[in-house]
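So the sequence lines, in the order shown, correspond to chains A and B. Remember, my numbering sits 7 above the position in the first sequence when you count from 1. Remember, my numbering sits 134 above the position in the second sequence when you count from 1.
Check the hints yourself; a few may be wrong.
Stated by the list, open to error - One side of the interface only, derived from the structure: several residues of chain B facing chain A at Cβ under 10 Å:
1. PRO173
2. LEU177
3. ARG178
4. LEU179
5. GLU193
6. SER218
7. GLN242
8. PHE244
Stated by the list, open to error - Cβ-to-Cβ under 7 Å is the rule here; a few derived chain A residues that face chain B:
9. GLY50
10. PHE53
11. LEU55
12. PHE113
13. GLY114
14. ALA115
15. GLY116
Hint data in this document are derived by calculation from the structure and do not stem from the laboratory. In this text, a Cβ means the ideal position worked out from N, Cα and C, and glycines have one as well.
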Amino acid sequence: AQSVAQPEDQVNVAEGNPLTVKCTYSVSGNPYLFWYVQYPNRGLQFLLKYITGDNLVKGSYGFEAEFNKSQTSFHLKKPSALVSDSALYFCAVRDPYYTGGFKTIFGAGTRLFVKA
Amino acid sequence: NAGVTQTPKFRVLKTGQSMTLLCAQDMNHEYMYWYRQDPGMGLRLIHYSVGEGTTAKGEVPDGYNVSRLKKQNFLLGLESAAPSQTSVYFCASSYYTGLAGGTSTDTQYFGPGTRLTVL
Numbered sequence: 008a009q010s011v012a013q014p015e016d017q018v019n020v021a022e023g024n025p026l027t028v029k030c031t032y033s034v035s036g037n038p039y040l041f042w043y044v045q046y047p048n049r050g051l052q053f054l055l056k057y058i059t060g061d062n063l064v065k066g067s068y069g070f071e072a073e074f075n076k077s078q079t080s081f082h083l084k085k086p087s088a089l090v091s092d093s094a095l096y097f098c099a100v101r102d103p104y105y106t107g108g109f110k111t112i113f114g115a116g117t118r119l120f121v122k123a
Numbered sequence: 135n136a137g138v139t140q141t142p143k144f145r146v147l148k149t150g151q152s153m154t155l156l157c158a159q160d161m162n163h164e165y166m167y168w169y170r171q172d173p174g175m176g177l178r179l180i181h182y183s184v185g186e187g188t189t190a191k192g193e194v195p196d197g198y199n200v201s202r203l204k205k206q207n208f209l210l211g212l213e214s215a216a217p218s219q220t221s222v223y224f225c226a227s228s229y230y231t232g233l234a235g236g237t238s239t240d241t242q243y244f245g246p247g248t249r250l251t252v253l
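In isolation and in its complexed conformation, chain A is listed as follows (with noise of 0.2 Å):
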């Protein structure tokens, strides 16, 4: 069965440094990889996918993220953090192999919180 986990209920980074948000999956094959932002009070918005190619991502916002085969992870970058980019962030995996219909499965999202 697939699954996505996000291990950090919440990240707090200063403001200008590199963050890190963390995401691994369980799939049965090769998966398709999203990140989503939520502002508050707001819908999710799209940030990127790994599809396939390019290990390495590049999103909206300065965003990137890696795509780890053998550690299955797709951890959500930024070199230098902003005030603004205080949001939640999602996860989210898709197994293209799976045959019962529509499925891509969230995490529990992990709160980032930049301070100036």
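Assemble chain B onto chain A, guided by the hints.
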């Protein structure tokens, strides 16, 4: 281009009442979805639709019904609301960006959410 919109934004119901949540998208997306978001549980799929006139069950369909009579609209109904249905509800839509073999690499676009409280 409004993207994905949801009506209403907030609603309070009493146990046993019924209501319908409306989702509309103007991006001509084939796929539409209803999720619920609860603290510490991420998003869980309630129902989804792969095209006009079609619907399918997601992860937590019990107590909900849906209809997609028009491509741009996806309705979520609660026939007899229960306190366990207190949640934030999100609608989303996506293109079908299929690879060979029909697998979708879809990116989902979300509405702003509906906060529902059932007393």
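Verification of the hints:
1. PRO173: For PRO173(B), the interface hint holds, since the closest Cβ of chain A sits about 9 Å away, which is under 10 Å.
2. LEU177: 4 Å, holds
3. ARG178: This hint holds: ARG178(B) lies near chain A, its Cβ roughly 8 Å from the closest one there, short of 10 Å.
4. LEU179: Hint holds; LEU179(B) Cβ to chain A Cβ min 7 Å, cut 10 Å.
5. GLU193: 8 Å, holds
6. SER218: 19 Å, violated
7. GLN242: This interface hint holds because 7 Å falls under the 10 Å limit.
8. PHE244: 3 Å, holds
9. GLY50: Result: holds, 3 Å to nearest chain B Cβ.
10. PHE53: Constraint on PHE53(A) satisfied, holds at 5 Å.
11. LEU55: 9 Å, violated
12. PHE113: 4 Å, holds
13. GLY114: Given a least distance of 5 Å, the restraint on GLY114(A) holds.
14. ALA115: Holds - the Cβ of ALA115(A) comes within 7 Å of chain B, reaching about 5 Å at its closest.
15. GLY116: Nearest chain B Cβ about 6 Å off; hint holds.
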